[in-house]
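Just so we're aligned: 202 in the UniProt record's numbering is position 202 of the sequence shown, and the numbers increase by one with no gaps anywhere.
Everything labelled a hint here was simulated from the structure, so no lab data went into it.
Errors might be hidden in some of the hints.
Pairs of lysine-lysine, PhoX-like flavour, derived with a Cα cap of 25 Å [as the list claims (entries may be wrong)]:
(1) K33 - K96
(2) K242 - K96
(3) K36 - K178
(4) K154 - K22
(5) K307 - K274
(6) K36 - K167
(7) K281 - K170
(8) K170 - K22
(9) K242 - K154
(10) K154 - K33
(11) K22 - K242
(12) K167 - K178
(13) K307 - K242
(14) K154 - K170
(15) K307 - K281
(16) K154 - K341
(17) K242 - K170
Everything numeric in this text was worked out from a predicted model, so none of it was measured.
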Amino acid sequence: MDGAIITPVSSGFDVEGSCPLKAVQVDSLVVLKIIKHSRESFTSHSAAGQLLGLDINGVLQVTNSFPLSHGHEGENASSLAQNRISYMQQMMRCLKEIGVDNNVVGWYQSVNSGTFINMNLIENQFSYHQALNDMTVMLVYDASQSTHESLSLKAFRLTPSFIAAKKEGKFNAESISKYGLSHSNVFEELPLIIHNSHLAVSLLHYLDSRYRFVPTAPALSLLPLSFSFDNLEPVVDSYFEKIMENLLEVTEDYQYEQSNYQYYQRALAREQLKIQQWLQKRRAENAVRAANNQSLLPEDEWQRLFKLSSEPSLLESILLASQIDYYCKKIDSSSAPALTKLYASIAK
1 MDGAIITPVS
11 SGFDVEGSCP
21 LKAVQVDSLV
31 VLKIIKHSRE
41 SFTSHSAAGQ
51 LLGLDINGVL
61 QVTNSFPLSH
71 GHEGENASSL
81 AQNRISYMQQ
91 MMRCLKEIGV
101 DNNVVGWYQS
111 VNSGTFINMN
121 LIENQFSYHQ
131 ALNDMTVMLV
141 YDASQSTHES
151 LSLKAFRLTP
161 SFIAAKKEGK
171 FNAESISKYG
181 LSHSNVFEEL
191 PLIIHNSHLA
201 VSLLHYLDSR
211 YRFVPTAPAL
221 SLLPLSFSFD
231 NLEPVVDSYF
241 EKIMENLLEV
251 TEDYQYEQSN
261 YQYYQRALAR
271 EQLKIQQWLQ
281 KRRAENAVRA
291 ANNQSLLPED
301 EWQRLFKLSS
311 EPSLLESILL
321 ASQIDYYCKK
331 IDSSSAPALT
341 KLYASIAK
């Protein structure tokens, strides 16, 4: 071994986050902990917590998580924030002592009926991005859809263009055009993989082989087929109804924001017309004064006489449009079985 160069094991892996993030791998135990926390908090408030793990070769491996407290009733925001920071520091210290991954890679939140795109979510994710890096993600668990249909767990992060606009602090028409922002590029959804450890896979195989149901001979026999159209009756899904209600509410909010911006544009056009009329009058006066060899009046006094209202932020409109787009995609995916039953019932 004399003279041999020992290459560290970590040299074959990118653990510094230099590779672009391609996917999120979540341990199955983390998924169960998120579901458990969400069910315990379903009636009172949304569940939220920290995600721990490591970024290796462009795959963010989430290996652990712990919930965050929502505080006590009547507790102010500053006290809640301070208690959360103290709790997180203590939790990270305990995890480090027992040798568990204590590297924060993001956070999770439970939602109901797909309602999650709002200012609070933006501020939380942006704060994680500033405190850590652009590899931080948020996991959104839809408790309602998971109850009525299948597991709904998605991984998101803010797009680079939105982060650049957020750092600038302006979301006016010029900034939106500069960064090419729209409702479709606020968030970037990442592929999510649920990972089972080798012990968990072995346990599942053991349980499957031990308790597998073997049907008897009568169960395998084909029963006489009979015509029944009961299955073609459309089923009213409460989750689908809630999505439609939320879509109508968000559409009204979006229309309200659009009306406010249109009011600003009309007010701005009126003020600009007054400024143009004032400038024309002042220039005419200066032409007369120049002909009489008199000193000219300043033409920039309009800045003191007229006050243009500041342009409102378009961020709320963008987020509402993004939420509308998310609802429409949900409806599009959920309405396929209902439309199939509808056309089949017409055909009968």
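Each hint tested on the structure:
The hinted pair formed by K33 and K96 meets the criterion: a straight-line CA distance of about 20 Å does not exceed 25 Å. With a CA separation close to 43 Å, the supplied pair K242 and K96 exceeds the 25 Å bound. Annotation: proposed proximity of K36 to K178 is violated, straight-line Cα distance about 43 Å (limit 25 Å). Our distance criterion of 25 Å between C-alpha atoms is met by K154 and K22, whose separation comes to about 14 Å.
Restraint check for K307 and K274: the C-alpha separation of about 11 Å stays at or below 25 Å, so the hint holds. The straight-line distance between the Cα atoms of K36 and K167 is roughly 36 Å, outside the 25 Å bound, and the hint therefore fails. Of the pairs offered as hints, the one joining K281 and K170 is violated, with about 35 Å between alpha carbons and a cut-off of 25 Å exceeded. Proximity of K170 to K22 is assessed by CA-CA distance (about 29 Å); at most 25 Å being required, the pair is judged violated.
Distance hint between K242 and K154 is fulfilled; the C-alpha atoms sit about 20 Å from each other, no more than 25 Å. Distance check on the hinted pair: K154 and K33 sit about 15 Å apart at the alpha-carbon level, within 25 Å; holds. Our distance criterion of 25 Å between C-alpha atoms is broken by K22 and K242, whose separation comes to about 33 Å. Between K167 and K178 the CA atoms are separated by roughly 13 Å; this keeps the pair inside 25 Å, and the hint holds.
About 45 Å separates the Cα atoms of K307 and K242, which puts this hinted pair outside 25 Å; it is violated. At roughly 28 Å between alpha-carbon atoms, K154 and K170 are farther apart than 25 Å, so this suggested pair is violated. Between the alpha carbons of K307 and K281 the distance comes to roughly 18 Å, so the proposed pair stays at or under 25 Å and holds. A C-alpha spacing of about 29 Å is found between K154 and K341, which places the hinted pair above 25 Å, so the restraint is violated.
A threshold of 25 Å between alpha carbons decides the hint, and for K242 with K170 the separation of about 34 Å lies outside it, so the pair is violated.
Checked against the numbered hints above, the structure breaks hints 2, 3, 6, 7, 8, 11, 13, 14, 16 and 17 and satisfies the rest.
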